[in-house]
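Q: Following the hints, complete the assembly by docking chains R, S, F, D, P, C and G with the ligands onto the known chain L.
Read off the chains here:
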Amino acid sequence: MSRATVPDSTDDTTAVYTYPDSLTEVPMRYCPGCTHGIAHRLVAEVIDELGIQERTVVIATVGCSVYAYEYFNTDAVQAAHGRGPAVATGIKRTQPDTLVFTYQGDGDLASIGLAEVMHAAARAENFTVIFINNAVFGMTQGQMAPTTLMGQKTTTTPRGRTLQQGGHPLNICELLATIPGVAYLARETMTAPKYVLRAKRSIKKAFQAQMDELGFSLVELVSTCPTWWRMKPLEAFKWLEDEMLSQYPLQVFVDKTEQND
Amino acid sequence: MSRATVPDSTDDTTAVYTYPDSLTEVPMRYCPGCTHGIAHRLVAEVIDELGIQERTVVIATVGCSVYAYEYFNTDAVQAAHGRGPAVATGIKRTQPDTLVFTYQGDGDLASIGLAEVMHAAARAENFTVIFINNAVFGMTQGQMAPTTLMGQKTTTTPRGRTLQQGGHPLNICELLATIPGVAYLARETMTAPKYVLRAKRSIKKAFQAQMDELGFSLVELVSTCPTWWRMKPLEAFKWLEDEMLSQYPLQVFVDKTEQND
Amino acid sequence: MREEVYMAGMGGQGVLLAGQILAQAAMMVGLEVSYFPLYSPEVRGGRATCTVVIANDQVGSPVVGHPAMMILMDKIAVNNHLDRLRPDGLVVVNSSLAGEEFDRDDITTITIPANDIAIDVGSERAVNMVLLGGYVAMTESVSLADIEQALREVIPERHHSFMPVNIAALHRGAQAAMKAISPTR
Amino acid sequence: MREEVYMAGMGGQGVLLAGQILAQAAMMVGLEVSYFPLYSPEVRGGRATCTVVIANDQVGSPVVGHPAMMILMDKIAVNNHLDRLRPDGLVVVNSSLAGEEFDRDDITTITIPANDIAIDVGSERAVNMVLLGGYVAMTESVSLADIEQALREVIPERHHSFMPVNIAALHRGAQAAMKAISPTR
Amino acid sequence: MTKRKLIGGNEATAEGAIAAGCRYFFGYPITPQNKIPEYMSEHLPLVGGTYVQAESEVAAINMLYGAAATGAWAMTSSSSPGISLMQEGLSYMIGSELPCVVVNMVRGGPGLGNIGPAQSDYWLATRGAGHGDGRCLTFAPYSVQELYDLTGEAFTIAQRYRNPVMILADAILANMKEPCRLHERRDHPTQQPQWAVGGARDGRPRNIINSLYVDLPEEEQVNLRIARRYAEAAQNEVRLAEYGADKPQILLCAYGIAARICQTAAQRATQAGVPTRLLRPISLFPFPAQTIRRWADCVEKILVVELSLGQFIEDVRLAVEGRCPVELMGRTGGMVMTPEEVTDRIVQMGQSD
Amino acid sequence: MTKRKLIGGNEATAEGAIAAGCRYFFGYPITPQNKIPEYMSEHLPLVGGTYVQAESEVAAINMLYGAAATGAWAMTSSSSPGISLMQEGLSYMIGSELPCVVVNMVRGGPGLGNIGPAQSDYWLATRGAGHGDGRCLTFAPYSVQELYDLTGEAFTIAQRYRNPVMILADAILANMKEPCRLHERRDHPTQQPQWAVGGARDGRPRNIINSLYVDLPEEEQVNLRIARRYAEAAQNEVRLAEYGADKPQILLCAYGIAARICQTAAQRATQAGVPTRLLRPISLFPFPAQTIRRWADCVEKILVVELSLGQFIEDVRLAVEGRCPVELMGRTGGMVMTPEEVTDRIVQMGQSD
Amino acid sequence: MFKVIIDASRCKGCGLCVHFCPQDIIELSDELNEAGYHPAHIISEEECTGCKMCVLMCPDVCIDIYKEIAEAAVND
Amino acid sequence: MFKVIIDASRCKGCGLCVHFCPQDIIELSDELNEAGYHPAHIISEEECTGCKMCVLMCPDVCIDIYKEIAEAAVND
Ligand SMILES: Cc1ncc(C[n+]2csc(CCOP(=O)(O)OP(=O)(O)O)c2C)c(N)n1
Ligand SMILES: Cc1ncc(C[n+]2csc(CCOP(=O)(O)OP(=O)(O)O)c2C)c(N)n1
Ligand code: SF4
Ligand code: SF4
Ligand code: SF4
Ligand code: SF4
Ligand code: SF4
Ligand code: SF4
Ligand SMILES: [Mg+2]
Ligand SMILES: [Mg+2]
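Protein chains in written order, with my numbering: chain L, 1 to 261; chain R, 1001 to 1261; chain S, 2001 to 2185; chain F, 3001 to 3185; chain D, 4001 to 4353; chain P, 5001 to 5353; chain C, 6001 to 6076; chain G, 7001 to 7076.
Since the hints were made in silico from the structure, they are not lab data. No residue lacks a Cβ here, since even glycine has one placed at the ideal position from N, Cα and C. The reader is advised that the hints may include incorrect statements.
[Claimed, not checked] Calculated Cβ distances over 10 Å to all of chain R for the following chain G residues:
| hint | residue |
| --- | --- |
| 1 | Ser7009 |
| 2 | His7019 |
| 3 | Glu7031 |
| 4 | Ser7044 |
| 5 | Met7053 |
| 6 | Asp7060 |
| 7 | Asp7064 |
| 8 | Glu7068 |
[Said to hold, decoys possible] Think about it this way: if two alpha-carbon atoms lie no more than 27 Å apart in a straight line, the pair counts; the simulated DSS-like pairs of lysine-lysine are:
| hint | chain 1 | residue 1 | chain 2 | residue 2 |
| --- | --- | --- | --- | --- |
| 9 | L | Lys153 | C | Lys6003 |
| 10 | R | Lys1204 | R | Lys1153 |
| 11 | R | Lys1153 | G | Lys7003 |
| 12 | L | Lys204 | L | Lys194 |
| 13 | C | Lys6052 | L | Lys194 |
| 14 | P | Lys5301 | P | Lys5247 |
| 15 | F | Lys3179 | F | Lys3075 |
| 16 | G | Lys7052 | G | Lys7003 |
| 17 | S | Lys2075 | S | Lys2179 |
| 18 | L | Lys238 | C | Lys6003 |
| 19 | L | Lys204 | L | Lys256 |
| 20 | L | Lys194 | L | Lys256 |
| 21 | R | Lys1194 | R | Lys1256 |
| 22 | L | Lys204 | L | Lys153 |
| 23 | L | Lys232 | L | Lys153 |
| 24 | L | Lys153 | L | Lys238 |
| 25 | G | Lys7052 | R | Lys1153 |
| 26 | R | Lys1194 | R | Lys1238 |
| 27 | L | Lys204 | C | Lys6052 |
| 28 | R | Lys1153 | R | Lys1232 |
| 29 | C | Lys6052 | C | Lys6003 |
| 30 | G | Lys7003 | R | Lys1238 |
| 31 | L | Lys232 | L | Lys194 |
| 32 | R | Lys1238 | R | Lys1153 |
| 33 | C | Lys6052 | L | Lys238 |
| 34 | D | Lys4247 | D | Lys4301 |
| 35 | R | Lys1194 | R | Lys1204 |
One chain only, chain L, in its complex shape (with noise of 0.2 Å):
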């Protein structure tokens, strides 16, 4: 039963859509337009709607969703830049009754957290991991990321990304789905009503994966940053549906709740 048909009574009318219970009021600090705001909405709907708002713990990791601590109306850990997988598994070893999700940018998880994330996927940690890609350190100010794409413009990488300097974008979906211990990943974004929901979908499967344990789950979001970007959040939207999505195109690569049903 969705969150968003639970009435919520008033006197004459019955609620289609009210604020997600496992979100706080705080308002959230992103730019306008950015995505993160989208995700988070997200996650707390299927929270909301598995009915785990009690036994949800969020992993906030370091990126500008470094307050997610602040916005998810759940117990929170915030944890060292790239190590959110790590704290998820000391979380989920000692409590594996709590469902544990790591929400991680681009440079938090594919940079600096890219060997905690490929092991706790390897180890078939039965944890979930919610994935902004946005192509960008947004936090630190546009600096390239490890997804940052061939010839994009950031602030280190002033000329665009070459070969030289910054190597290859990496396609992190595509590497996690050479491991075993993946029982839910997909690719997903958020760039129109019908991606979201689909997004929506995949998340929920994620958590449903967790909740049968099944072991490790990742769903991808490629995501914006108007800001660091330099773009209108419409724009950077256009952006991201032609220039990203080829190189980060949308799939499920590996779903073992199908095999559950």
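A: Positioned in the frame of chain L, the structure of chains R, S, F, D, P, C and G with the ligands alone reads:
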């Protein structure tokens, strides 16, 4: 021209095989029958054959091969555990006309150093990795490595590796094969003369790729650790062939030198 | 001579730029100067403050507990910082966003409707220049002409088309300040 | 009472096991004891040494500069360590691998052809027990019977079939030592 | 009284933790402490605990962070290079006010160094825990029995002060075997502390474990609270032991394995006519500064003996504040001084006056 | 005399390095020093240099290790948490006797902390470099000009002592803009030092860069050699500056940004009738202990002002050895004291006697 | 009939709801909110179909939608 | 005719050359070398075909092989 056919002139004989120039005469400290020694010899022969001894820098990493700087008769740098690829990056970026290779065990490369090797590959750093996968931490007395097989007993999996405790074995070549910066990538072994010859060909190609500035190259050598497998050298060869090769099949994954010819 | 000025406003209002231009001007007339910003961690929409200290010789502390001068760009800035102004200090306030009423009567208050003036000279983004002009009118370390010079250095060449607006804003701010010297003193 | 013994040999010769058995025996008779090994970093083929200190009450330093006693398992051990034996000290040497000739004449030297004896009792691997037996014959802290007790504790159950050989080796070592008290003293 | 068992320092450390209620171990192998993870991997499953071999020390300390965040009694162990890699994680632990136990079996450094005994991580242990004003509470056992006892106690102390506790030993203590009295293994506490995460169930307010404070005054308050805990620890947790002459001419200061060496040296020097007392700090932070200061007024000289080139001596000097001369006898790089050498040095000091 | 340019502390640091001949930068972004990598990525390619964005600080320091091994003039920069992650690598650098320059723009800690100014990495910088007896030579600039000058000089000093040199500043200095005189960019030295790797060509004996010494006495000798270099540095590289009253009643000790604050405070306190002198160590290791000790005999009291809770003060106390009372005025967690507050404190100290 | 409530204090004026509303009934106001943004508002609520596109796309979770109960009952 | 020289001081007696020699002409000695291993030695050099299998498999690079020059000249 093969180094082995160079006549080492004595009065009445020609050398069919003599000790490679690129090895010092320091006796190697490896246990009897350990394939580390074969791997060293092969690399040294390749360096001799390519005539690059004076341009080569070996990066000894931390594992039983930590003393590689004593054995290879070239400039050498000893790197912190797992960080060989970062050190190699630093050397190649400042001295691009050197030939640099790291010599790394599976603990070094696949456990603590996973991020460094993957990122070096993604950056298409132009050096070579010799990766010794013996399914165990040799130097520290036989603990589980990421490449330890399921069920394998080690000093930290006294009841055999299980999914719960240690997760799945990590297949490094399969992971790296998804990365476009890789110019040469192969998995070989050394348990029989034919394999040894194949392994040497791959090592030579990897160095060739580096000399041609094609990017990152890596040769995985499926290896033995008779001591911590608690086997005689020949038993270890058999166990490797029977048990390891199904998890780590021999294969040339990427070969851009071909396109270059 | 040691001149300490503290500026505060919302990120995007050009607080930091105003501080840098003042610092640049001071340097160009041969004074010693130190400028330092404090951002809040939000990339946008956060608060921005900066301190500029100008001196004949060594600047000494760039940190100032109770500055003698302030430029406050909006209500929040007034609420957060005005109490730290030194008694007998001088504050230039943007009355468009902060009103005209303040708690303190031991200071000199220059109120300038900077948003209105900025719109009037052609760009709401010139609010910072209006207030800076007002400030310069009240101090002796640098002149409006020095600020104009500094502007040319600090503003990238490709934005020099905005020069006239900025200069107009400066002067209008200065005029407004001269008129506005508060009677609360 | 403070008894300090230093043992050295090649890895694999059972130096460390000998030290542990001695320590175990000392503990079992109610003494205080400290055993510590020093390996060289090669997994195999390296050198192994250990120190055992036995005392009535606190052991104090487990590190000993000039031990009063030594067990040296081969030539290299003699070359590397004998000069550190305290004047008037006692050394038990494996003459099978180290010969009978030593540089020092200010010490008591017990030479035991330990390899030969070990082969004789049925296992070359019992060399360490032969030498330990020789040592125990020369000291008062523990007896051969104590060592036998300790052996039973230290050797894993599944290897208890080797017990008789080890015990024989101990006793033969002790006999050899009694006979061998060197006339160099 | 329980039976004594001849047991190695590493094993005693691991067993001490298990016996005290530790049920989670996250670690990465490194000599000379490999027997600790090996022991844990063997024994923890038998008591319902969990051993996780981390992919690195960085991962290990962050797994520990996660486990500690749930209130679990958890630990890691390593040796010098691995402890260096844990500095960021330890700083996070301190900043987030999380208890844990970290064992450092120090080896010769810097860099890869060697696996000989050393005390050259003194600063790393007592000043360390990376960046920021936080520190580890640090204890230095000097025998196998003390490794066992202190590692066990460390868990209680860590919980009390919500701060990492470091057990600082060395390659000799790690490998040394001595008789040790073991007590029954205790169960680990089942109730989560009130601050721990694990799901905000049944209406309990949600908990947040965090070291980020954008509000600078709030961060300052946090740091002052942590500093107050250290001050409290300085009241309650200072431990030391003293041995030897009651009216000493020379005071020896040494901790850990160096103190063992000095125990014998103090005895011999006293016998040789230079009355010598050994003061052995067991807690390194908090440091027994007051006792040392008191002795400084009564002795001719202090000799500091450490397996490093002048780290521990700074704490002694800070305590002494010039009251008497303080001399250093240090070794480094895996080397140890012998009791004979220390004795000679004391006798020489005693005679030079 | 060259023209003055209004330039930020980060930019001055980066430009100072380039101007001195640094051509290689390996780093990972972190606030408040992001403008350093950004500047480097923009400018290094223009002078034939190379900027590599490492995947982490651990990778960055190890890339630096590789670059330093070839004799290249190379640097990295970071801020507190990143510097914690570099501890193992720095220890390797020291153990392998490699020169390099590391900049730490300290922020509020521990843990993630905040991006406010702090000096709470004092121990990390001066006692640090991870495990072992090694240390970084550490310099603390206090103005944009000094950031520029000292960062440049750091390369020469690093080469001279074959040891990492750390530039320790903070979030205010990083973001502060001040007039700065820039000199011409110098070319970097083309000849490899004799110990560097890069291929053993033309019959030169092969070079090995290594910190592993299985032979313990050899390792001890290496450490003693390194210690001798530090002793040499203590002879040649101690730097300090003094300001204020010639016959002071109170001596202020402060470094970096705190010294800037104290400059004004010393002036005002003197004016207020308490003659005050400021002693500002510029080199933190080696530490200007002798000068402080001399002053300790001449003043009533010393006030140590630091943006931390009592780290720097230990070096002052070690220098003073009880000759006069040493008091602390510390802030933490990103907070700073104002010159007014310091003045008040001095005046109060001056009157209490 | 739907009731669309946009929390103007949270709104950052990103315009995504404006763009994605198929009925084209959302607009940014000329006024600034406290945070300095031009918040979105509904210009013609009666045309709203309750499709939730605006909700789906809003990064700041500013939008609540209610349905009048009479209709709701019919629909259920 | 080939000359096979096995450096007994380096040999660790692993037996790999013994196993892989197709001519079965290598054996481990009963004696111990300095390092305590039973080194390999050739028992019937005349049967050696110079196939280098022993060389290929020796982890300690103990084996050198020479060919008598007369024959070598013929082969070249
Ligand atoms: C150890 C460490 N290194 C560096 C940083 C600085 N830092 C903070 S966020 C960040 C990158 C953030 O990028 P990303 O993960 O992509 O998140 P985004 O802001 O883009 O959402 C970095 C490098 C840090 N806090 N800690
Ligand atoms: C930072 C750090 N952590 C741990 C170690 C200890 N260590 C030395 S070698 C090694 C593993 C070696 O295994 P592998 O790389 O597989 O090499 P092998 O010995 O098997 O050839 C470890 C964990 C270390 N030296 N440094
Ligand atoms: S900087 Fe980029 S990623 Fe961060 S909140 Fe702003 S738009 Fe989003
Ligand atoms: S421990 Fe294993 S890997 Fe290491 S040298 Fe011995 S056999 Fe080889
Ligand atoms: S619910 Fe649909 S029609 Fe109504 S305002 Fe939102 S987007 Fe427009
Ligand atoms: S999408 Fe949300 S934040 Fe953006 S304009 Fe609409 S209501 Fe405002
Ligand atoms: S060359 Fe061939 S035949 Fe000759 S000894 Fe070696 S393996 Fe045997
Ligand atoms: S293969 Fe080499 S090391 Fe092994 S037995 Fe033969 S010669 Fe000796
Ligand atoms: Mg990002
Ligand atoms: Mg291995």
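Q: Work down the list of hints and note, for each, if the structure agrees.
A: Here is how each hint holds up against the structure:
| no. | hint | verdict |
| --- | --- | --- |
| 1 | Ser7009 | violated (8 Å) |
| 2 | His7019 | violated (6 Å) |
| 3 | Glu7031 | holds (16 Å) |
| 4 | Ser7044 | holds (17 Å) |
| 5 | Met7053 | violated (5 Å) |
| 6 | Asp7060 | violated (5 Å) |
| 7 | Asp7064 | violated (5 Å) |
| 8 | Glu7068 | violated (6 Å) |
| 9 | L:Lys153 to C:Lys6003 | violated (43 Å) |
| 10 | R:Lys1204 to R:Lys1153 | violated (34 Å) |
| 11 | R:Lys1153 to G:Lys7003 | violated (43 Å) |
| 12 | L:Lys204 to L:Lys194 | holds (16 Å) |
| 13 | C:Lys6052 to L:Lys194 | holds (12 Å) |
| 14 | P:Lys5301 to P:Lys5247 | holds (13 Å) |
| 15 | F:Lys3179 to F:Lys3075 | holds (22 Å) |
| 16 | G:Lys7052 to G:Lys7003 | holds (11 Å) |
| 17 | S:Lys2075 to S:Lys2179 | holds (22 Å) |
| 18 | L:Lys238 to C:Lys6003 | violated (30 Å) |
| 19 | L:Lys204 to L:Lys256 | holds (13 Å) |
| 20 | L:Lys194 to L:Lys256 | holds (23 Å) |
| 21 | R:Lys1194 to R:Lys1256 | holds (23 Å) |
| 22 | L:Lys204 to L:Lys153 | violated (34 Å) |
| 23 | L:Lys232 to L:Lys153 | holds (16 Å) |
| 24 | L:Lys153 to L:Lys238 | holds (17 Å) |
| 25 | G:Lys7052 to R:Lys1153 | violated (35 Å) |
| 26 | R:Lys1194 to R:Lys1238 | holds (15 Å) |
| 27 | L:Lys204 to C:Lys6052 | holds (19 Å) |
| 28 | R:Lys1153 to R:Lys1232 | holds (16 Å) |
| 29 | C:Lys6052 to C:Lys6003 | holds (11 Å) |
| 30 | G:Lys7003 to R:Lys1238 | violated (30 Å) |
| 31 | L:Lys232 to L:Lys194 | holds (21 Å) |
| 32 | R:Lys1238 to R:Lys1153 | holds (17 Å) |
| 33 | C:Lys6052 to L:Lys238 | holds (21 Å) |
| 34 | D:Lys4247 to D:Lys4301 | holds (13 Å) |
| 35 | R:Lys1194 to R:Lys1204 | holds (15 Å) |
Going down the numbered hints, you'll see the structure goes against 1, 2, 5, 6, 7, 8, 9, 10, 11, 18, 22, 25, 30, while the others check out.
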